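> Below, each chain spelled out in residue letters.
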Amino acid sequence: MEVFEIDAEKLTPREVNSQIKSAADEYDKIIIRNPNANHYLAAGVTEDVEIEFDGSVGYFGGCMCDGPKITINGNAGWFVGDNLTGGEVIVEGTAGDGAGQGIYDGTVVVKESVGSRTGEIMKNGTIIIGGNSGFMTGIFMMGGRIIILGDVGDDVAESIIRGVVYVRGKIKSLGNNAKIEEMTFEDSLEVEEILSKYEFEVDDISQFKKIVPESTRPFYGH
Amino acid sequence: MPYRVERNPDLCKKNFGRPGCCWYLCDDRDEKICGRCFSCFNNCPHGVYEIIQGDPYPLNQEKCVGCRICLEMCPNRAIEVNAIPEDARQGWGFPDIVEIVRQSQTASYKLRSTGALRRIPDFDDLVVIPAQVSRPPIDKYREPCGTDVVLGDRFAENPLKIDTPIMIGAMSFGALSKEAKMALAIGSSLAGTVTNTGEGGMLPEERELADKLIAQYASGRFGVSADYLKKGDAIEIKIGQGAKSGMGGHLLGEKVTAEVSRIRNIPEGSDALSPARHMDIVGPEDLSMKISQLREITDWKVPIMVKFASGKVASDVKIAAKGGADIIVVDGMQGGTGAGPEVIMEHSGIPSVASIVEADMALKEIGLRDQVSLVAAGGVRSGADLAKAIALGADAVYIATAALISIGCRVCQMCYTGTCRKGIATQDLSLRHRLDYKEMGKNVANYINTMTDEACMLVQQAGNTHITKLEKENLRSLTLEASALTGVPMAGVGRI
Numbered sequence: 001m002e003v004f005e006i007d008a009e010k011l012t013p014r015e016v017n018s019q020i021k022s023a024a025d026e027y028d029k030i031i032i033r034n035p036n037a038n039h040y041l042a043a044g045v046t047e048d049v050e051i052e053f054d055g056s057v058g059y060f061g062g063c064m065c066d067g068p069k070i071t072i073n074g075n076a077g078w079f080v081g082d083n084l085t086g087g088e089v090i091v092e093g094t095a096g097d098g099a100g101q102g103i104y105d106g107t108v109v110v111k112e113s114v115g116s117r118t119g120e121i122m123k124n125g126t127i128i129i130g131g132n133s134g135f136m137t138g139i140f141m142m143g144g145r146i147i148i149l150g151d152v153g154d155d156v157a158e159s160i161i162r163g164v165v166y167v168r169g170k171i172k173s174l175g176n177n178a179k180i181e182e183m184t185f186e187d188s189l190e191v192e193e194i195l196s197k198y199e200f201e202v203d204d205i206s207q208f209k210k211i212v213p214e215s216t217r218p219f220y221g222h
Numbered sequence: 001m002p003y004r005v006e007r008n009p010d011l012c013k014k015n016f017g018r019p020g021c022c023w024y025l026c027d028d029r030d031e032k033i034c035g036r037c038f039s040c041f042n043n044c045p046h047g048v049y050e051i052i053q054g055d056p057y058p059l060n061q062e063k064c065v066g067c068r069i070c071l072e073m074c075p076n077r078a079i080e081v082n083a084i085p086e087d088a089r090q091g092w093g094f095p096d097i098v099e100i101v102r103q104s105q106t107a108s109y110k111l112r113s114t115g116a117l118r119r120i121p122d123f124d125d126l127v128v129i130p131a132q133v134s135r136p137p138i139d140k141y142r143e144p145c146g147t148d149v150v151l152g153d154r155f156a157e158n159p160l161k162i163d164t165p166i167m168i169g170a171m172s173f174g175a176l177s178k179e180a181k182m183a184l185a186i187g188s189s190l191a192g193t194v195t196n197t198g199e200g201g202m203l204p205e206e207r208e209l210a211d212k213l214i215a216q217y218a219s220g221r222f223g224v225s226a227d228y229l230k231k232g233d234a235i236e237i238k239i240g241q242g243a244k245s246g247m248g249g250h251l252l253g254e255k256v257t258a259e260v261s262r263i264r265n266i267p268e269g270s271d272a273l274s275p276a277r278h279m280d281i282v283g284p285e286d287l288s289m290k291i292s293q294l295r296e297i298t299d300w301k302v303p304i305m306v307k308f309a310s311g312k313v314a315s316d317v318k319i320a321a322k323g324g325a326d327i328i329v330v331d332g333m334q335g336g337t338g339a340g341p342e343v344i345m346e347h348s349g350i351p352s353v354a355s356i357v358e359a360d361m362a363l364k365e366i367g368l369r370d371q372v373s374l375v376a377a378g379g380v381r382s383g384a385d386l387a388k389a390i391a392l393g394a395d396a397v398y399i400a401t402a403a404l405i406s407i408g409c410r411v412c413q414m415c416y417t418g419t420c421r422k423g424i425a426t427q428d429l430s431l432r433h434r435l436d437y438k439e440m441g442k443n444v445a446n447y448i449n450t451m452t453d454e455a456c457m458l459v460q461q462a463g464n465t466h467i468t469k470l471e472k473e474n475l476r477s478l479t480l481e482a483s484a485l486t487g488v489p490m491a492g493v494g495r496i
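Chains as they are written, first to last, in my numbering: chain A, 1 to 222; chain B, 1 to 496.
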């Protein structure tokens, strides 16, 4: 495996991204040392490459990517994996608000807890949160699935039109147009499969609650 | 204003052997019944006509908005549509009464297309003053007038270089048909300017036909990906639009066909609702971060634009400029839309002429006027409007409704129904076939070129050699309102 290393200690985000994009074609893996929680790191990478941040990233880490497998060995700021259209963004620690905002495809995984509004306006794809997720998780969701292993805050799936939110822990309250539905056998298999792929250990899948839209056209064209 | 619609029954029934009648849709190509033409009935977007004993009659005259599509599509020129004066009941005019009745019967607010239609101070309230002895005019027939502009060269490696300061504004695929988008793309290329994807993703055909294309980035993020942004020659962050300031876009599921769903990356038949605000832009710092994020994604190559509905213009423009925008667009309340509530269109926003001046002054106040390009939008119809917009402080303008009129739109205000008789604002294949996108593309270019030429005439008679050289001092106001809104002195003694 061809590995390229970048020391970001004294580099601007523009310089780091430029180096990542130059190396993405030639190398199989890129390791970024000292990311120092800078913003926009690995923004818009569309190559099929492994990217590893050896530390925490700031806002919009791994945003608008299509293809790379990004691992962040630390925490992430707001909007990690924003608008992902393919590939993976895995955060080993915690993340801020809006994790997986607006994704179309691919998977965003945060191993610990996240802030609020996880998966807002997402159209498809998968978001897995190992810990808790804050208020308005899944707001304006238009598709895809969110799996939360911990608790979730107020107004889950506010104004959801399509998609599904699975929650293992406590649900503080549901948002408008959201309802809890019985988990089917197929749902359980789906959740189990996706969680095992990312090495989450869950003893009892039946603990999960499934949140779906009440109506697919809650605002117009009844 | 109410309209009187009259169908002459004698003219209606003359010459039924006419060719081309079915092209205008009897929705039935059976030549045996060709003698019974229902073009007016079939093509009226507002249901003005009814069939009585086999003949169409304009019974529901109160529904007429004056688009004259029935007249245009009548093969026998049998129809007349005339505006009739308001009655003498002041605020309680006939249209007000019709609307109150409609609301009381349907319990719904009025949804329509286009933008503000009532009288608002606009470019017509201003004149360009001619040069004479104190400054000699330039000869339109013998001397050149420069029209090229460069927009967004503040940070972008590749700014927008266009041959005329008239750009085509954002209108999405979904709201518009593929053929309409292709016609606009062809027209923009022929005229050496740029068009805009709107918020519905990028059609491959549009990208291929448009020499320069702005990729819009709106709150719903429909069809957005790294690939989409990188294919744009500029990125426009749409914060708002003049027609429905403070509201997100909405495309009803009926218009989300298989192709629209593929381009927008959303399921077929589903409503496409954009939030009223970007979920990650709720303050000045957020906008600055968004601009930086998009720069990183596009490798600092293309200009980042920010488009506002005109409201708190000075504050918004300063925030965008300080946040790093290359180009700022102010969309006045005359700006258009495919679907929006009438109450917002008519009662929210700032007139375009006022917003241009306020934006220009705001940029000067923070010392960034030379670095940030300013684009004016909302109600631009002619070369005169262009010249006056530039004189007020803009570097370029957007046209949108006007561009649609050049390809057949007659402002019937029913785009949102998806049944556009001209094949423009529809996804219905039989209606789309009515739009010859190649011919209409030429129309767009002709219109833009003529507008540019008109503006040059005004520029040259004012003694300038380049379209961008017009300044506010070249203008005078004909009305107190426009003078007060813009600071342009009144004609004559020059005092407000």
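If you are wondering where the hints come from, they were derived from the structure by calculation, not from laboratory data.
Errors might be hidden in some of the hints.
Derived DSS-like pairs (lysine-lysine); straight-line CA-CA distance at most 30 angstroms [claimed, not checked]: (1) B:Lys212 - B:Lys438; (2) A:Lys21 - B:Lys312; (3) B:Lys161 - A:Lys21.
This one's a predicted model, so the numbers in the text were calculated from it and none came from an experiment.
> Evaluate each hint against the coordinates.
Quick rundown of the hints versus the structure:
Restraint check for B:Lys212 and B:Lys438: satisfied, since their Cα atoms lie roughly 18 angstroms apart, inside the 30 angstroms limit. Among the hinted pairs, A:Lys21 with B:Lys312 is inconsistent with the structure: their alpha-carbon atoms are about 39 angstroms apart, more than 30 angstroms. For the given pair, B:Lys161 sits about 27 angstroms from A:Lys21 by alpha-carbon distance, which is consistent with the 30 angstroms threshold.
The earlier numbered hint that this structure contradicts is number 2, and it is the only one.
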